[in-house]
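Undergrad: Guided by the hints, dock chains E, X, C, A and F onto chain Z, whose structure is given.
Number of protein chains: 6
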Amino acid sequence: MKIKVINPNTTLAMTKGIEHAAKSAARPDTEILAVSPKMGPVSIESYYDEYLSIPGVLEEIKKGEDEGVDAFVIACYGDPGLNAAREVTDKPVVGIAEASVYLASMLAARFSIVTVLPRIKTMLEELIDSYGMEKRVLNIRTTPMGVLDFERDPEAGIEMLRKEGKKAVEEDHAEAILLGCAGMAEFADSLEKELGVPVIDGVVAGVKFAEAIVDLGKKTSKLKTYKYPEKKEYIGELKNFGHNEATIK
Amino acid sequence: MKIKVINPNTTLAMTKGIEHAAKSAARPDTEILAVSPKMGPVSIESYYDEYLSIPGVLEEIKKGEDEGVDAFVIACYGDPGLNAAREVTDKPVVGIAEASVYLASMLAARFSIVTVLPRIKTMLEELIDSYGMEKRVLNIRTTPMGVLDFERDPEAGIEMLRKEGKKAVEEDHAEAILLGCAGMAEFADSLEKELGVPVIDGVVAGVKFAEAIVDLGKKTSKLKTYKYPEKKEYIGELKNFGHNEATIK
Amino acid sequence: MKIKVINPNTTLAMTKGIEHAAKSAARPDTEILAVSPKMGPVSIESYYDEYLSIPGVLEEIKKGEDEGVDAFVIACYGDPGLNAAREVTDKPVVGIAEASVYLASMLAARFSIVTVLPRIKTMLEELIDSYGMEKRVLNIRTTPMGVLDFERDPEAGIEMLRKEGKKAVEEDHAEAILLGCAGMAEFADSLEKELGVPVIDGVVAGVKFAEAIVDLGKKTSKLKTYKYPEKKEYIGELKNFGHNEATIK
Amino acid sequence: MKIKVINPNTTLAMTKGIEHAAKSAARPDTEILAVSPKMGPVSIESYYDEYLSIPGVLEEIKKGEDEGVDAFVIACYGDPGLNAAREVTDKPVVGIAEASVYLASMLAARFSIVTVLPRIKTMLEELIDSYGMEKRVLNIRTTPMGVLDFERDPEAGIEMLRKEGKKAVEEDHAEAILLGCAGMAEFADSLEKELGVPVIDGVVAGVKFAEAIVDLGKKTSKLKTYKYPEKKEYIGELKNFGHNEATIK
Amino acid sequence: MKIKVINPNTTLAMTKGIEHAAKSAARPDTEILAVSPKMGPVSIESYYDEYLSIPGVLEEIKKGEDEGVDAFVIACYGDPGLNAAREVTDKPVVGIAEASVYLASMLAARFSIVTVLPRIKTMLEELIDSYGMEKRVLNIRTTPMGVLDFERDPEAGIEMLRKEGKKAVEEDHAEAILLGCAGMAEFADSLEKELGVPVIDGVVAGVKFAEAIVDLGKKTSKLKTYKYPEKKEYIGELKNFGHNEATIK
Amino acid sequence: MKIKVINPNTTLAMTKGIEHAAKSAARPDTEILAVSPKMGPVSIESYYDEYLSIPGVLEEIKKGEDEGVDAFVIACYGDPGLNAAREVTDKPVVGIAEASVYLASMLAARFSIVTVLPRIKTMLEELIDSYGMEKRVLNIRTTPMGVLDFERDPEAGIEMLRKEGKKAVEEDHAEAILLGCAGMAEFADSLEKELGVPVIDGVVAGVKFAEAIVDLGKKTSKLKTYKYPEKKEYIGELKNFGHNEATIK
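Residue numbers (the numbering used here), protein chains in the order written: chain Z, 75 to 323; chain E, 75 to 323; chain X, 75 to 323; chain C, 75 to 323; chain A, 75 to 323; chain F, 75 to 323.
Chain Z with its partners taken away, still in its complex shape:
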């Protein structure tokens, strides 16, 4: 099967890292197609960035129909555009935050998230609430490092995650740690060894769940909420998002 993993930001080095993580988790017969959108921000660290990453994500979802893609993974921990992506295609679409909390719930009773800048804490709280997981998440721990700081200085990154992960275990009594950024995948294994609790990266969780859903032959429900978008005109820079065969079946 072919799974398209979309890194919603436009930093290709980060997409490479995500691709690597996805491939390391995928089964041998699963083809991973890892991409960044053709438009949007180099990193996502605010509502502004998140919303503006969505057009590019949706474009990649639409392209997936021609690329013979069987399922999609949206690889940013805010799950940007997830609901719209489910409208645009009937192929399964999995968000990495969503995948990580469901996976964690099957392994640990209570857990904490470690993520990037303080400003995104409210965003993640709202997201966790929308998944019904607020009772299980003990804390959302932010760091002074931005998304690309983890790319630029992985040494500092792992050190920061180690520090906050330890506090999550010792102070929150977190029974698992969730990595709240797609760019942290590479640190999961060594952190898990050091911290002694499951450390969960959403990218690999998302890929495995996507494989599972494709194996089961399940598709997104097209009955009501996730119907294909209504046919209509779009104007300006986004005019290509208007009705055309690829979008609206």
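A portion of the hints provided could be inaccurate.
Given that identical chains are not distinguished, each listed pair holds provided it fits within a single copy or across any two copies.
[Said to hold, decoys possible] The calculated DSSO-like cross-link candidates involving lysine-lysine, where the alpha carbons are at most 30 Å apart (straight line), are:
| id | residue 1 | residue 2 |
| --- | --- | --- |
| 1 | Lys293 | Lys97 |
| 2 | Lys209 | Lys241 |
| 3 | Lys313 | Lys112 |
| 4 | Lys137 | Lys237 |
| 5 | Lys240 | Lys112 |
| 6 | Lys240 | Lys293 |
| 7 | Lys209 | Lys76 |
| 8 | Lys112 | Lys305 |
| 9 | Lys267 | Lys112 |
| 10 | Lys137 | Lys90 |
| 11 | Lys90 | Lys305 |
| 12 | Lys112 | Lys136 |
Derived from the structure by calculation, the hints contain no laboratory data.
Small disclaimer: the values here were computed from a predicted structure and weren't measured.
TA: Below, chains E, X, C, A and F alone, put in the same frame as chain Z:
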């Protein structure tokens, strides 16, 4: 003061109607600037449309800085882009769904919303939950009419709202009716007379709340969640959303 | 328009302060009528005081009909008698706690309340829950000072608010501070300057929301929960609260 | 022991009925003192009535100290003044709505409430929420009969309860029925036989819980929320509620 | 009346202590029958122990029918098997955790629980949530001591409870302390004196509630959730739990 | 890898059906070991049956250690013993109700469950709440058929599911249907074709999630809630559950 009312869809006839409603509610000394974005969908009836309306909305928010705008109203009942808009400016930004539920809560103990197509019910449920109003909203009643159907055939529109409004009062025991689409503003007064309960249009509620906040000299908190977006590069059709003086103070 | 601001306690000095705040926020064409009830406690610092302030508040609401009042503001942070007041009149009635949380929600994602004695914390928690705002309120910070202590020693009052406000920002990461007592209105502006986040006083918020609702011509729904009280006899000291034309339309 | 059962309304015939129910449930060595306040409404059917019944209730609580009362039951299904009563005395105070939901929870997984006029539905919903019982209460069924209608026409009363009780069992699948008015106590036994599920009257539940708490020697916590009211002056018709030895220990 | 108090663990010394507490609280005319099951763990400190204590508990419930028991108390703070016990008999069954939170709610606005090992915190959180009491419980404080440690070294036990109880009062601002293990009953009185807030043991609460319910002649609803178990075959060590007259009426 | 699928009831014909479903979904290289416990009920249709199935389930979990099992699936829609199973082993354990709601959440915004007898509705409601999925589940539809009725008369079974499934789609507007019993797996595909929405069987969902977790090399967190059970003695029929090497690592 100057209030910019942004109709997130690109149908100018509807923007006219919204402008008319806004002006009828505004104080004589309030200037209303009603606009549609330069890009995006002609109507918003899905997550897809909603997310894709946001770039255009944010562009209008940014322009507002140069236009001497004192406050913004986002005039679509999904409050698209509201959180990001609050990052982009320190001027108050009010969403019409948000304004309508707060206003309704000061007038009625329990209420129902009447809106457009069934597919948006989940979207509105999630929105109402995020505002903490789930206990007060008895029902979200959808109709088979789309956003522009209310423009095209106002006779049918009022008839549909009358019918669902009556059911809301008689079956839900709704003590107020909220109009779940910016294009329904014109029907509020006659419906209120017929139904005998407050009928609340979010556009006028949003304008009045915006006036109130400007009068108080209050601005959006820039401490954490709504800080200005981080400076960074954007690419592709959205490259203008990258860092520049207007966006990032 | 004429807005009657009712200070539910019987300390006239405090009513003067509330009047001053209300007038400073009201539009030039808004007449503010600030009163204290003719019966009840000199301050409200318990359920006991709160409940016993309500008869006096309701008496003032009823009088308002003859005074040509267009809207009412109940100016104590427990919103005493708010639901009953909405039964007694069809004019809009706004509580200052209610107004402050709705206003704050349009300016800040998360906030804390600073208020008087520790014993009222549970009261405020229950109130915040009833408004659906529990997710947004990070903390309710109490002080060792009672309501009238802030009147008697404003120097100590501002110092206390400054201290707790700072802790709210630094420890709770509150993005706005709500002043949890009508007698704190005078401190809002200087605190806001010092703390760097919106500091919200409910009195001015209540007045502005009342103006907005009157402008819109909206009245309290009389369908069910807020119907006029049933006609019936009252005895004893409260016999005047029984049925008469002014009360029961 | 001596339990004072306070009927918060001033209709003595109803107090007699409540006294009868209380005595029939009390142990032989329990003395029941059933009273109505000296001031307030003849029945409670709105927020207005409820709040205005509280001064009379609190006066009776205070008198209880001199009467050698060991515990109090507030016998109106809105539990008027319950929190303030717990401030005024350290003797246990039990509300009948509270008692009925806790009792019901030990006998049935899910239940419905049958009560008086439609207008009090919101009041009861808020009360049930404050007790954390919203998941267990399937429905609050109102009737077109007021409180005193059940006194005046018990035939019609039982018929109405039978009808709504049956619908509760058949349509709500209620596993117990709670009688949502102190004046319905007399109907409980025959309804229970007819409906085949527990029918719970709060008056007898309240009395038995009060006996249990007194037996255990437990008193209301005076640490924080339920501390004795602060000493202060009251004016007007309520001036006797100000500080004096009986109130403020 | 006869109340059977079932200590779900098989440590008879602990059953003796529970019997002593139950008898000290019971009325003179109440006969207390305190037992341990014939099978299961010597103490309950995990989900594993809890679930494996249930067969023994249910066996004791079933035997109660022949023993002329009027009501049952399940005396372990996880309320093991409570829902199934209510299926097996129509006599009232009360859990001690359940009883303690309802009792506490009538005496204190907010409270904390002090219990045994850290690993049971999640279990208690889920239990408290299922009783709708999550808002009232400020903290669940665990200790490094297991259930039988309190038996073996009561000196250390009271010291530990004293320490955590004090922290509950001073740090949580708990207005009552709930003892989260049936083996702590003996410490309640002296702790209450020291801490100055109600200290609530579930065993005595359960006994008094059971007495109250029997006095009222109420039985468990057999309509739906708590119907007698369906008749069916059981195999293996548990074959005696299959259908027979005693179990299935 | 080897996945042990435990049918918690002792009806081997049903275990065969579950085995068939599990194998049809498993990857070629996944070995499915489907078993029933050696003790317990022939079907699970009450809290009584559910709790009494747990000892047998836990015994099978423990045996799994010697059988070289990599992960477990508990194949009854009440997820009996799931938390204890996670204590007993560090291999992943997945419940089929849990798996079905997480899978459904990735495919549909809102869904309904169709299950067996009415009496289990409360059980499922509590389970769904504990997974945080109450907002997504529109309805739990019960049928007059017991667990084994679906075995005995599959014609009637499919007819019943068809009928309730249709009502779920048409009346609840369910966007997916979850089959609330492990014995319904065989009906999923034909129902999905007829109903036009995803029909989700928990057995196959559980198997695929187990595969995914094993692929990722993740194990259950042993930090706190799911630590191995404390070493201790058990007596009576359950004495083998006491401490021994297999159980307590």
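Undergrad: Indicate which option fits the pair Lys90, Lys305 if close means a Cα-Cα distance not exceeding 30 Å: within, between, both or neither.
TA: Answer is between: at 23 Å across copies they meet the 30 Å cutoff, but 35 Å inside does not.
Undergrad: For Lys313 vs Lys112, is the C-alpha pair at or below 30 Å within one copy, between two copies, both, or neither?
TA: both (15 Å within a copy, 10 Å between copies)
Undergrad: If the cutoff is 30 Å on CA atoms, where do Lys293 and Lys97 land: within, between, both or neither? Let me know, please.
TA: both (23 Å within a copy, 21 Å between copies)
Undergrad: One pair to classify: Lys112 and Lys305, alpha carbons no more than 30 Å apart. Within, between, both, or neither?
TA: both (24 Å within a copy, 19 Å between copies)
Undergrad: With 30 Å as the alpha-carbon cut-off, assign the pair Lys137 and Lys90 to within, between, both or neither.
TA: within (20 Å within a copy, 36 Å between copies)
Undergrad: Please sort Lys137 with Lys237 into within, between, both or neither, judging by C-alpha distance up to 30 Å.
TA: Cα proximity of Lys137 and Lys237: none, with 41 Å in one copy and 39 Å across.
Undergrad: Since the copies are identical, ignore which copy is meant and state whether Lys240 and Lys112 lie within 30 Å (CA to CA) inside a copy, between copies, both or neither.
TA: Answer is neither: 38 Å inside a copy and 43 Å across each miss the 30 Å cutoff.
Undergrad: Regarding Lys240 and Lys293, is the shortest C-alpha distance of 30 Å or less found within a copy, between copies, in both, or in neither?
TA: between (39 Å within a copy, 19 Å between copies)
Undergrad: My question is about Lys267 and Lys112: at a cut-off of 30 Å on alpha-carbon distance, are they close within one copy, between copies, both, or neither?
TA: neither (37 Å within a copy, 38 Å between copies)
Undergrad: Up to 30 Å between alpha-carbons, please classify Lys209 paired with Lys241: within, between, both or neither.
TA: Answer is both: 19 Å inside a copy and 24 Å across each meet the 30 Å cutoff.
Undergrad: For the identical chains here, do Lys112 and Lys136 meet the 30 Å Cα criterion within one copy, between copies, both, or neither?
TA: Result: close both inside a copy and across copies, 13 Å intra and 23 Å inter.
Undergrad: Regarding Lys209 and Lys76, is the shortest C-alpha distance of 30 Å or less found within a copy, between copies, in both, or in neither?
TA: neither (35 Å within a copy, 32 Å between copies)
Going down the numbered hints, you'll see the structure goes against 4, 5, 7, 9, while the others check out.
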